[in-house]
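Undergrad: Chain by chain, the residues:
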Amino acid sequence: MVTKIVQLVLLPVLGFVIGIFFLGLYRKIMARIQWRYGPPLLQPVIDIIRLLFQRGVSHGIIFDFGLVLSLAGALTITLFLPFAQWCPLKGSGGLLVILYLMLLMPLGMELSGGSAANPNSSIGISRKFILALGYEVPLLLILLSVMTHYKTISLFEVVLSQQHSAWALLSWPLALPGIAYVLILPAVLGVRPFDITTAPQEISYGPMVEYGGKYLAFAHIHHALSLFIGISLFVNLFLGGAANPVVFFVKMFVVFTAGVCVNAVFPRLRIEQAVSYLWKWPTAVALLGLIIVSLVK
Amino acid sequence: MANKYSLNAVYFCTGCGIIEIPPSITARWDAERFGIIPVATPRQGNLFMITGYVSLKTLRAIIRTYEQMPDPKYTVGFGSCPINGGMYWDSYNTIKHLDKYIPVDGWIAGCMPRPEAVFIGVTHLWTLIDKDMANGYIRYREHYDQYRGNQEKLFGKLDWPPLYATATAQKEMAA
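Protein sequence lines correspond, in order, to chains A and B.
The first sequence finishes on residue 296 if you use numbering that gives the first Met the number 0, and the numbering steps up by one all the way, no holes.
The second sequence finishes on residue 174 if you use numbering that gives the first Met the number 0, and the numbering steps up by one all the way, no holes.
Mixed in with the good hints there might be a few duds.
Restraint-style ranges between C-beta atoms, simulated for each label pair [unchecked claim]: (1) B/R140 to A/R269: 42 to 48 Å; (2) B/K56 to A/L95: 54 to 60 Å; (3) A/E156 to B/D131: 45 to 51 Å; (4) A/W280 to B/A26: 30 to 36 Å; (5) A/V253 to B/R27: 27 to 33 Å; (6) A/W280 to B/D131: 26 to 32 Å; (7) B/L153 to A/K279: 55 to 61 Å; (8) B/E171 to A/L7: 55 to 61 Å; (9) B/I18 to A/L287: 48 to 54 Å; (10) A/R267 to B/T122: 31 to 37 Å.
Listed next, the in silico SDA-like pairs over lysine to any residue satisfying Cα-Cα at most 25 Å (straight line) [what the hints assert, rightly or not]: (11) A/K213 to B/A1; (12) A/K27 to B/I20; (13) B/K3 to A/Y25; (14) B/K3 to A/G37; (15) B/K95 to B/I137; (16) B/K170 to B/I137; (17) B/K3 to A/L168; (18) A/K27 to B/G105; (19) A/K213 to B/K56; (20) B/K3 to A/R26; (21) B/K130 to A/R54; (22) A/K213 to B/F33; (23) B/K56 to A/Q200; (24) B/K56 to B/G105; (25) A/K27 to B/Y10; (26) B/K3 to A/A30; (27) A/K27 to B/R32; (28) A/K213 to B/Q169; (29) B/K3 to A/V16; (30) A/K213 to B/L124; (31) A/K213 to B/T64.
Keep in mind the hints are simulated off the structure, nothing from the lab.
Here a beta-carbon is modelled for each residue, glycine too, at the ideal position from N, C-alpha and C.
Given these sequences and hints, build the entire structure.
TA: See the structure below:
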């Protein structure tokens with residue numbers, strides 16, 4: 000009981016700390032790839048402290064509420080994702096709850112950005128929903144094949160069965176969904192080939208255009224958490240989770256670094272290019288994987 | 000302290016000066032070492048940099064951008080033209096003294112200054128922030144009547160509401 004309460008408090012904090020660390024590292028690695036020295040590793044923390052002390056402008060109740068909603072969604076998901084062996088809510092819902100709650104994060108952000116009534120944020124919102132439509136189809140197929148193969152909806156049991164056999168990415172029937180997930184991972188994380196939603200050069204950060212002060216600080220925290228969630232879900236589903244937290248962190252770190260390298264070299268796609276890519280290759284691979292998984296069973 | 004090392008810059012490049020900014024934020028001089036990154040919207044920034052000459056038309060946009068930025072915010076004029084008109088000293092539609100219309104915390108003189116001068120300017124701004132002397136946003140609030148008066152003298156009636164309650168507005172409210 001006590002350990003469960005400790006985990007309930009600890010996991011969101013851990014997700015935040017790792018997410019912030021990744022954000023700092025992201026800027027540093029990007030700088031080194033571009034032959035720059037780069038900011039200090041703690042720059043996101045400095046930014047958040049500065050923003051919390053700056054005076055923000057609100058645009059109404061929905062503007063505040065949407066941000067809180069998306070932050071609450073992100074914090075709740077961290078309780079459903081196993082971090083190594085820590086998963087306080089492993090008995091309830093599993094992957095289905097994660098799928099529902101993952102929808103809450105962009106939804107809250109769009110509610111909040113939409114009430115600011117800025118044309119840039121409207122464009123960003125429509126782009127975000129179209130992009131989500133693009134990657135949710137292969138994501139659902141992938142999750143369906145994982146659930147069919149392991150005959151469970153619990154993410155914790157998926158991790159356990161992978162630890163008894165091999166990683167799902169390297170085992171035969173699940174390799175195809177794994178490859179499909181690798182192909183859509185940048186879209187789920189919203190990094191460079193798919194950073195259409197928050198394109199600063201085109202639409203000034205899209206939904207975040209009117210955020211300033213503490214609103215932007217919370218948006219940064221939300222971004223850090225969503226980075227943690229996207230990578231953690233992939234590690235749990237296809238890289239076999241981990242028996243201890245350090246190994247889990249190392250796996251997350253490797254996936255993250257690969258993502259940053261992709262982010263550094265690819266230019267941004269247009270929205271229709273992104274959707275036609277997402278509905279072509281990852282969906283085809285995921286569909287083929289689902290058919291094979293259901294036949295092999 | 001956090002304000003000092005996390006300057007998110009809104010660059011207002013009026014005409015010249017846009018050439019000097021990209022080298023200072025990209026690989027050659029890399030302003031991100033000091034925590035300075037350009038942002039695309041005034042709501043997210045706290046450093047306002049005005050590079051090059053200010054014409055009557057751009058001054059409107061500058062004032063509105065400045066008023067949209069959240070406190071605390073710092074303004075830096077870049078180049079000779081915002082200081083005293085520079086080579087446009089006798090032009091009929093160029094603003095000669097930018098600090099009559101919005102408060103400016105520091106100047107980087109030159110036509111144009113080299114990107115190194117931007118970083119010297121940044122270290123000077125750090126000193127000013129440490130000594131609480133970069134208080135332009137406080138001066139703007141305290142002397143808003145004068146700034147608004149100067150703006151109205153130039154433009155006639157302004158088509159946006161005052162940011163703070165002016166003395167005349169307060170008198171009307173009382174009456």
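Undergrad: Confirm or reject each hint.
TA: Right, here's what the structure says about each hint:
Distance hint check for B/R140 and A/R269: the Cβ-Cβ separation is about 44 Å, which falls inside the suggested range of 42 to 48 Å. Between B/K56 and A/L95 the CB atoms are about 57 Å apart, so this pair conforms to the stated range of 54 to 60 Å. As the Cβ distance of A/E156 to B/D131 is approximately 59 Å, the hint placing it in 45 to 51 Å is violated. At roughly 33 Å, the beta carbons of A/W280 and B/A26 sit within the given window of 30 to 36 Å.
Range check, A/V253 to B/R27: Cβ separation about 32 Å, and the 27 to 33 Å hint holds. Roughly 57 Å separates the CB atoms of A/W280 and B/D131, a value that falls outside the hinted 26 to 32 Å. Here the CB-CB span from B/L153 to A/K279 is close to 57 Å, well matched to the stated 55 to 61 Å. Remark: the range hint 55 to 61 Å for B/E171 to A/L7 is upheld by a beta-carbon distance near 56 Å.
Checked against the hint of 48 to 54 Å, the pair B/I18 and A/L287 passes, with Cβ atoms roughly 52 Å apart. Checked against the hint of 31 to 37 Å, the C-beta distance between A/R267 and B/T122 comes to roughly 34 Å, which is consistent with it. The suggested pairing of A/K213 with B/A1 holds, with an alpha-carbon distance near 14 Å, which does not exceed 25 Å. Simply put, A/K27 and B/I20 have alpha-carbon atoms about 21 Å apart, close enough for the 25 Å limit, and the pair holds.
Only pairs whose Cα atoms come within 25 Å are accepted, and B/K3 paired with A/Y25 is accepted, the gap being roughly 22 Å. Restraint check: the Cα-Cα separation between B/K3 and A/G37 comes to about 17 Å, which is no more than 25 Å; the hinted pair holds. Simply put, B/K95 and B/I137 have alpha-carbon atoms about 23 Å apart, close enough for the 25 Å limit, and the pair holds. Restraint check for B/K170 and B/I137: the C-alpha separation of about 22 Å stays at or below 25 Å, so the hint holds.
The straight-line distance between the Cα atoms of B/K3 and A/L168 is roughly 46 Å, outside the 25 Å bound, and the hint therefore fails. Annotation: proposed proximity of A/K27 to B/G105 is violated, straight-line Cα distance about 30 Å (limit 25 Å). A threshold of 25 Å between alpha carbons decides the hint, and for A/K213 with B/K56 the separation of about 32 Å lies outside it, so the pair is violated. Of the pairs offered as hints, the one joining B/K3 and A/R26 holds, with about 19 Å between alpha carbons and a cut-off of 25 Å not exceeded.
Restraint check for B/K130 and A/R54: satisfied, since their Cα atoms lie roughly 21 Å apart, inside the 25 Å limit. With a C-alpha separation of about 22 Å, the suggested pairing of A/K213 with B/F33 holds against the 25 Å cut-off. Distance check on the hinted pair: B/K56 and A/Q200 sit about 24 Å apart at the alpha-carbon level, within 25 Å; holds. Taking the CA atoms of B/K56 and B/G105, the gap is about 23 Å. The hint holds against a cut of 25 Å.
A distance of roughly 23 Å separates the Cα atoms of A/K27 and B/Y10; the hinted pair therefore holds under the 25 Å criterion. A C-alpha spacing of about 21 Å is found between B/K3 and A/A30, which places the hinted pair at or below 25 Å, so the restraint holds. A hinted pair counts as satisfied when its Cα atoms are at most 25 Å apart, and A/K27 with B/R32 qualifies at roughly 10 Å. Proposed proximity of A/K213 and B/Q169 is contradicted: the alpha carbons are some 30 Å apart, above 25 Å.
A hinted pair counts as satisfied when its Cα atoms are at most 25 Å apart, and B/K3 with A/V16 qualifies at roughly 23 Å. Taking the CA atoms of A/K213 and B/L124, the gap is about 24 Å. The hint holds against a cut of 25 Å. A threshold of 25 Å between alpha carbons decides the hint, and for A/K213 with B/T64 the separation of about 19 Å falls inside it, so the pair holds.
This entry does not satisfy hints 3, 6, 17, 18, 19, 28, going by the numbered hints stated previously.
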